[in-house]
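> In case you want the letters, here they are:
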Amino acid sequence: MRENVQLQGTGIELAESEDSFLQGVKDCIPTLLGYLSIGFAAGVIGHTSGLSTAEITLMSLLIYAGSAQFIVAGMIATQGSPAAIILTVFIVNLRHLLLSAALSPYFRQLTPLKNMLIGALLTDESFGVAMNKATNRQHLSERWMHGLNVTAYINWIIATLAGAYLGQWIANPEKLGLDFALSAMFIGLLVLQLVSRRKLLKDIIVVLCTVVSVIGASYVLSPSMAVIVATVVAATIGMVIEKWK
Amino acid sequence: MIIIGASIVTLIPRVLPIMVLSRKALPEWLMRWLSYIPVAVMAALVAEELLISDGKLAFQSNNVELWAALPTFLTAIFTKSLLGTVGVGILTVMVLRFLF
Numbered sequence: 072m073r074e075n076v077q078l079q080g081t082g083i084e085l086a087e088s089e090d091s092f093l094q095g096v097k098d099c100i101p102t103l104l105g106y107l108s109i110g111f112a113a114g115v116i117g118h119t120s121g122l123s124t125a126e127i128t129l130m131s132l133l134i135y136a137g138s139a140q141f142i143v144a145g146m147i148a149t150q151g152s153p154a155a156i157i158l159t160v161f162i163v164n165l166r167h168l169l170l171s172a173a174l175s176p177y178f179r180q181l182t183p184l185k186n187m188l189i190g191a192l193l194t195d196e197s198f199g200v201a202m203n204k205a206t207n208r209q210h211l212s213e214r215w216m217h218g219l220n221v222t223a224y225i226n227w228i229i230a231t232l233a234g235a236y237l238g239q240w241i242a243n244p245e246k247l248g249l250d251f252a253l254s255a256m257f258i259g260l261l262v263l264q265l266v267s268r269r270k271l272l273k274d275i276i277v278v279l280c281t282v283v284s285v286i287g288a289s290y291v292l293s294p295s296m297a298v299i300v301a302t303v304v305a306a307t308i309g310m311v312i313e314k315w316k
Numbered sequence: 388m389i390i391i392g393a394s395i396v397t398l399i400p401r402v403l404p405i406m407v408l409s410r411k412a413l414p415e416w417l418m419r420w421l422s423y424i425p426v427a428v429m430a431a432l433v434a435e436e437l438l439i440s441d442g443k444l445a446f447q448s449n450n451v452e453l454w455a456a457l458p459t460f461l462t463a464i465f466t467k468s469l470l471g472t473v474g475v476g477i478l479t480v481m482v483l484r485f486l487f
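So the sequence lines, in the order shown, correspond to chains A and B. The opening position of the first sequence corresponds to residue 72 in my numbering, with each subsequent residue numbered one higher. The opening position of the second sequence corresponds to residue 388 in my numbering, with each subsequent residue numbered one higher.
For the record, the hints were derived by calculation from the structure and aren't laboratory data. Virtual Cβ for every residue (Gly too), placed ideally from N, Cα, C. Don't take every hint at face value.
[To be verified] Result set (DSBU-like, lysine-lysine): computed pairs, CA atoms no more than 30 angstroms apart in a straight line: (1) B:Lys443 to A:Lys314; (2) A:Lys97 to A:Lys185; (3) A:Lys273 to A:Lys314; (4) A:Lys97 to B:Lys467; (5) A:Lys185 to B:Lys443; (6) A:Lys270 to A:Lys314; (7) B:Lys467 to A:Lys270; (8) A:Lys273 to B:Lys467; (9) A:Lys97 to B:Lys443; (10) A:Lys97 to A:Lys270; (11) A:Lys273 to B:Lys443; (12) A:Lys270 to B:Lys411.
[Stated by the list, open to error] Chain A regions said to be covered by chain B (calculated; three or more residues, Cβ under 8 angstroms): (13) 121–133; (14) 171–178; (15) 213–219; (16) 260–270; (17) 288–294.
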């Protein structure tokens, strides 16, 4: 009986260190380079389209989404109307609906207010890291998620600031291959998902369906809508296949 | 003004599902559907980045990113390290762009 209690005790402690804020910070590290390069690029583009450093920082603080910030900078540069800019940003970030929904079962233990704080800093990358952590688990730790999110957030703000400051001296950031960091990170997150889920055959079918849908949808829709449509179509196919078996 | 508006429309899709859905027990089919979202969305983002250019399939042999994706995928599969994958990816693109 006594041994049993002790065993349980160590189990909880182990789980705690794995679920701590600090562990969340550590688990964020592999994605930092991706955030840095994209944030840096967002800062450079903001600078070249005539935004002030204060405006660029405000965007990173409030919007905190790479694609949206590229679009705002680009459309301000071409004198787009505020309504058109806001609508485009909305469509580009609709993908977060799916991410936030997919994350929700793992934070059932928390109040809506606490979940709001987690959702507010949700990104593709933090979602990817969180879903890898969530494999074979029922819940995710709130502290761990905050560690992950806050690290990414701070890193993003620093990166865009650096981009805004150094933008004037960087002629060709593409030469360094930094723009590929984003694709490489998505590839890494995808592979880690496939390896850890142990549903390889179904997952591969879903991946192939996604690729075909993205290509097809790209001919008629904007890139961001194509991603959303392809995700919905492929996830539905995955659900149906699993039901059959 | 634009920044405030853009931040609100970015925030809503991020927070609404996790706030509302986590309060309810979801039906099994929906849970199963949601379980495929991570794989599907990551695959969609990768395919969009690598294969699409100006709304068309970009399958040319000078697509440096597509070639670089090969060692990047292999690194991910064999090392299962996110940092290593990103590092190899960036390095490959840098070398390829330098050579061609």
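> Next, verify each hint and record whether it holds.
A quick look at each hint next to the structure:
1. B:Lys443 to A:Lys314: violated (34 angstroms)
2. A:Lys97 to A:Lys185: holds (22 angstroms)
3. A:Lys273 to A:Lys314: holds (11 angstroms)
4. A:Lys97 to B:Lys467: holds (16 angstroms)
5. A:Lys185 to B:Lys443: Not satisfied, since the Cα-Cα distance of roughly 42 angstroms exceeds 30 angstroms.
6. A:Lys270 to A:Lys314: Since the Cα atoms of A:Lys270 and A:Lys314 sit roughly 14 angstroms apart, the hinted pair holds (cutoff 30 angstroms).
7. B:Lys467 to A:Lys270: holds (17 angstroms)
8. A:Lys273 to B:Lys467: Since the Cα atoms of A:Lys273 and B:Lys467 sit roughly 20 angstroms apart, the hinted pair holds (cutoff 30 angstroms).
9. A:Lys97 to B:Lys443: violated (39 angstroms)
10. A:Lys97 to A:Lys270: holds (28 angstroms)
11. A:Lys273 to B:Lys443: The given pair, whose Cα atoms are some 27 angstroms apart, holds under the 30 angstroms limit.
12. A:Lys270 to B:Lys411: holds (26 angstroms)
13. 121–133: holds (count 4)
14. 171–178: Answer holds; 7 residues pass the 8 angstroms Cβ test.
15. 213–219: Our answer is that it is violated, as 0 residues pass the Cβ test (under 8 angstroms) against chain B, missing three.
16. 260–270: With 8 residues in contact (Cβ-Cβ under 8 angstroms with chain B), the coverage given for the stretch 260–270 of chain A holds.
17. 288–294: holds (count 3)
Of the hints listed earlier, those the structure fails to meet are numbers 1, 5, 9, 15, in rising order.
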